[in-house]
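These protein sequence lines map, in sequence, to chains A and B.
For the record, in the first sequence the residue sitting at position 226 is 216 according to the numbering used here, with numbers rising by one throughout.
For the record, in the second sequence the residue sitting at position 84 is 74 according to the numbering used here, with numbers rising by one throughout.
Treat the hints loosely; a few may be bogus.
Computed footprint of chain B on chain A, listed as stretches where at least three residues anywhere in the stretch have a Cβ under 8 angstroms from a Cβ of chain B [said to hold, decoys possible]:
#: 1; segment: 150 to 163
#: 2; segment: 241 to 251
No more than 30 angstroms apart at the CA atoms, straight line, and that leaves these computed lysine-lysine pairs for DSS-like [unchecked claim]:
#: 3; chain 1: A; residue 1: K93; chain 2: B; residue 2: K110
#: 4; chain 1: B; residue 1: K290; chain 2: A; residue 2: K420
#: 5; chain 1: B; residue 1: K389; chain 2: A; residue 2: K75
#: 6; chain 1: A; residue 1: K195; chain 2: B; residue 2: K86
#: 7; chain 1: B; residue 1: K44; chain 2: A; residue 2: K334
#: 8; chain 1: B; residue 1: K86; chain 2: B; residue 2: K75
#: 9; chain 1: B; residue 1: K75; chain 2: A; residue 2: K334
#: 10; chain 1: A; residue 1: K272; chain 2: A; residue 2: K195
Hints are computed from structural coordinates only; laboratory data are not their basis.
For glycine and all other residues, C-beta sits at the position ideal for the given N, C-alpha and C.
Number of protein chains: 2
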Amino acid sequence: MIFTDSKSSNFRAEFEELLQRGKMDIAHVSAIVGNIIGEIRTDKNKALKEHIAKFDNWTPVDDSDLKISTESMKIAYDNIDEKLKKALHLSYDRIKAYHEKQKPKSWFDTEENGTILGQKVTAVDSAGLYIPGGKAAYPSSLLMNVIPAQVAGVENIVVCTPTPDNEPNELLLAACHLCGVEQVYKVGGASAIAAMAYGTENIPKVDVITGPGNIFVATAKKMVFGDVNIDMIAGPSEIGILADESANANHLAIDLLSQAEHDEMASSILITPSQKLADEVKIELEVWLQKLPRQEIARKSIEERGAIIVTSDMDEAIALMNEIAPEHLEVATASPFELLPFIKHAGAIFLGHNTPEAIGDYVAGPNHTLPTGGTAKFFSPLGVENFMKKTSIISFSQKAINEVGEECALIANTEGLTAHEQSVRVRLKK
Amino acid sequence: MIFTDSKSSNFRAEFEELLQRGKMDIAHVSAIVGNIIGEIRTDKNKALKEHIAKFDNWTPVDDSDLKISTESMKIAYDNIDEKLKKALHLSYDRIKAYHEKQKPKSWFDTEENGTILGQKVTAVDSAGLYIPGGKAAYPSSLLMNVIPAQVAGVENIVVCTPTPDNEPNELLLAACHLCGVEQVYKVGGASAIAAMAYGTENIPKVDVITGPGNIFVATAKKMVFGDVNIDMIAGPSEIGILADESANANHLAIDLLSQAEHDEMASSILITPSQKLADEVKIELEVWLQKLPRQEIARKSIEERGAIIVTSDMDEAIALMNEIAPEHLEVATASPFELLPFIKHAGAIFLGHNTPEAIGDYVAGPNHTLPTGGTAKFFSPLGVENFMKKTSIISFSQKAINEVGEECALIANTEGLTAHEQSVRVRLKK
Chain A
-9 MIFTDSKSSN FRAEFEELLQ RGKMDIAHVS AIVGNIIGEI RTDKNKALKE HIAKFDNWTP
51 VDDSDLKIST ESMKIAYDNI DEKLKKALHL SYDRIKAYHE KQKPKSWFDT EENGTILGQK
111 VTAVDSAGLY IPGGKAAYPS SLLMNVIPAQ VAGVENIVVC TPTPDNEPNE LLLAACHLCG
171 VEQVYKVGGA SAIAAMAYGT ENIPKVDVIT GPGNIFVATA KKMVFGDVNI DMIAGPSEIG
231 ILADESANAN HLAIDLLSQA EHDEMASSIL ITPSQKLADE VKIELEVWLQ KLPRQEIARK
291 SIEERGAIIV TSDMDEAIAL MNEIAPEHLE VATASPFELL PFIKHAGAIF LGHNTPEAIG
351 DYVAGPNHTL PTGGTAKFFS PLGVENFMKK TSIISFSQKA INEVGEECAL IANTEGLTAH
411 EQSVRVRLKK
Chain B
-9 MIFTDSKSSN FRAEFEELLQ RGKMDIAHVS AIVGNIIGEI RTDKNKALKE HIAKFDNWTP
51 VDDSDLKIST ESMKIAYDNI DEKLKKALHL SYDRIKAYHE KQKPKSWFDT EENGTILGQK
111 VTAVDSAGLY IPGGKAAYPS SLLMNVIPAQ VAGVENIVVC TPTPDNEPNE LLLAACHLCG
171 VEQVYKVGGA SAIAAMAYGT ENIPKVDVIT GPGNIFVATA KKMVFGDVNI DMIAGPSEIG
231 ILADESANAN HLAIDLLSQA EHDEMASSIL ITPSQKLADE VKIELEVWLQ KLPRQEIARK
291 SIEERGAIIV TSDMDEAIAL MNEIAPEHLE VATASPFELL PFIKHAGAIF LGHNTPEAIG
351 DYVAGPNHTL PTGGTAKFFS PLGVENFMKK TSIISFSQKA INEVGEECAL IANTEGLTAH
411 EQSVRVRLKK
């Protein structure tokens, strides 16, 4: 763990290391992933079945073996505990309500010469959601990907999830039933991304692919980008915390660990002007670590990728955090909204002492799929817009084209495009 | 040229060919582009200078030779004809007005238990615009890329454009002055994309790269995607026209040719239920072709990639056009707005007999950078949002977390993430 002060002589070198966090070197998996995609494009389900036998330890026989039945989803849903059912419904409802507010509208504007200009916003026809399986199979990931697609109005929603030993994760199945998803395939990794990007005998080709995954999944998404749209290329999870002395060190420590427990590669970074708070959090981290079932993962993450940085003041803390551009940012200060205007880059901002990051993973409403590794400088949270696209609308009257046609024809002519010029000129009437 | 009827026996095979238009096989240039990017990342301006010597036929000596002076932009602007100046200003003003309407706003909503949820929308810090040079150097491309970045509020705007023989395109320079762009570099191709993605001694690393280009530029954009955001991967230009007998065949012919004159690879496709119109347009195409300075390019494009398709009715015509998902779509019918609800996929729709596609290239206002090759099914026109990103905003009160905290903790526990669970539990107060 980096435990440092921004005034220390080697601070900038230590800090640069944090800025390099989560940078994935996909070069070494590119060839493998390229081959996998090529095999799926050529041999479709035949290749899928071979990949499943190799990676997931079971052998589908018919094409229909790849699909999970809606009956099994219903059974899984019926089997879950009532309290959990209620919690998942609360989560579903709140995520849906938030995303409905986010949905963009078509719009237009008119000019008195008869011009109409606007933008039509429509859902894509089909979306493919990748949901990790095995030990990292989270029903919340399904909700966070399905709901924005549903709110967008996508007609055809396909889910792919790896199913080691042909044993589907029951909670994931239950969540599929809850969301009303019907096309779920037991296919994982780069193969799943290729299957959804190009289609197979029974897995439809989609327009947009979203969802988290390991480096093979991320690389496959990048490779099929252009043939389909994708949400983002995401890496390990991370949290940044800006805090002052009003913060509770015990709470901040468990917040840091809530990222660290995800993954040894996760980053948890506290930046504060308070040396006292920094010292206390360091102690509380160890207290909490001893109590965690996932202590081993969390400890490795904190030791290798955690950081506590003490700054001269809050302005400096914010400036450093803007450089980091964390996926999750907690602002644990007395007046957090006062700082909001100065925070430039983060996937999601959690304001105040009652807003732990975990509340955003499940029930707050905003999406938990967020840009990592500093890409919050240019990527956005997953949302309804990832499942929609825009079309410009242009309508000119005779009067409108008369008013601007000469100028248009002149620019076209200057660019040497005389057919452009003529297509306008033939419509001008004096 | 495909001149066919949807009832003909081999129609579907011919149509499938149209659906494959613009599919770029980037595999054969990937290795070359990968090397170029690697060289720029390692050797920065030294590599840039070598690439310029090789591809653009001049040899920069100092790093400062790469940059175009703002004085030369001012001189170029002062030298252009008053009429053209007026036309470019009209274009600038209309593009700006449209994009301002498009700019998304930050928003929030509150709940009576003290919850605040929202989305903060902010500009990226820096953008890199690629503008082709040489014979395809269009000042309109500069306007269409710069203005959305400026409206978004991007502080740092960088332009790269290849400058063969070290002779900048005077119109492009004038447009730079008009737009107030100051950082313009004489760098082109994949080298320019790499320079903006990773930075060199004097070209800053940017967050977002946009702009048109050849297959090397498109491939480089795909390769750097993830390290920066990009707008889209675009191919040759295309136009689709839906028309009925109210359309003017002479006008439609020159509209088709206005795409064809761009590029031998451009596609121009008319779909109509009127055999009479189809026959007339075919004749008018030849009449117009003889008059065009760019006849050779336009003829090759029309012959190899043009199509006129006669359908049973307008519904079938629309269905086929939705499969094509053209970059530009003209609706040249008596009541074009009646068809708008049924048109699912297009980059931009030009409605009515007074709205030639070319009006959208220069003065209408909407962006002329549009998704090609069927990618309008999932990509959107270039716009202000390409230069902005979103951050989720979450703030819970004590009462709010009390209300949903148990459910949140339960889901976290079910997913095996106990630090998540505890980070919520420690904040619950009865």
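Comparing the hints with the structure gives:
1. 150 to 163: It is violated: at least three residues are needed, and the segment 150 to 163 of chain A offers just 1 whose Cβ sits closer than 8 angstroms to chain B.
2. 241 to 251: It holds, with 7 qualifying residues against the three required.
3. A:K93 with B:K110: holds (15 angstroms)
4. B:K290 with A:K420: Outside the cut-off at roughly 35 angstroms; violated.
5. B:K389 with A:K75: At roughly 23 angstroms apart (the allowed maximum being 30 angstroms), K75 (chain A) and K389 (chain B) satisfy the hint.
6. A:K195 with B:K86: This hinted pair is violated, its Cα atoms lying about 37 angstroms apart.
7. B:K44 with A:K334: violated (41 angstroms)
8. B:K86 with B:K75: holds (16 angstroms)
9. B:K75 with A:K334: Answer violated: K75 (chain B) to K334 (chain A) is near 37 angstroms, above 30 angstroms.
10. A:K272 with A:K195: violated (50 angstroms)
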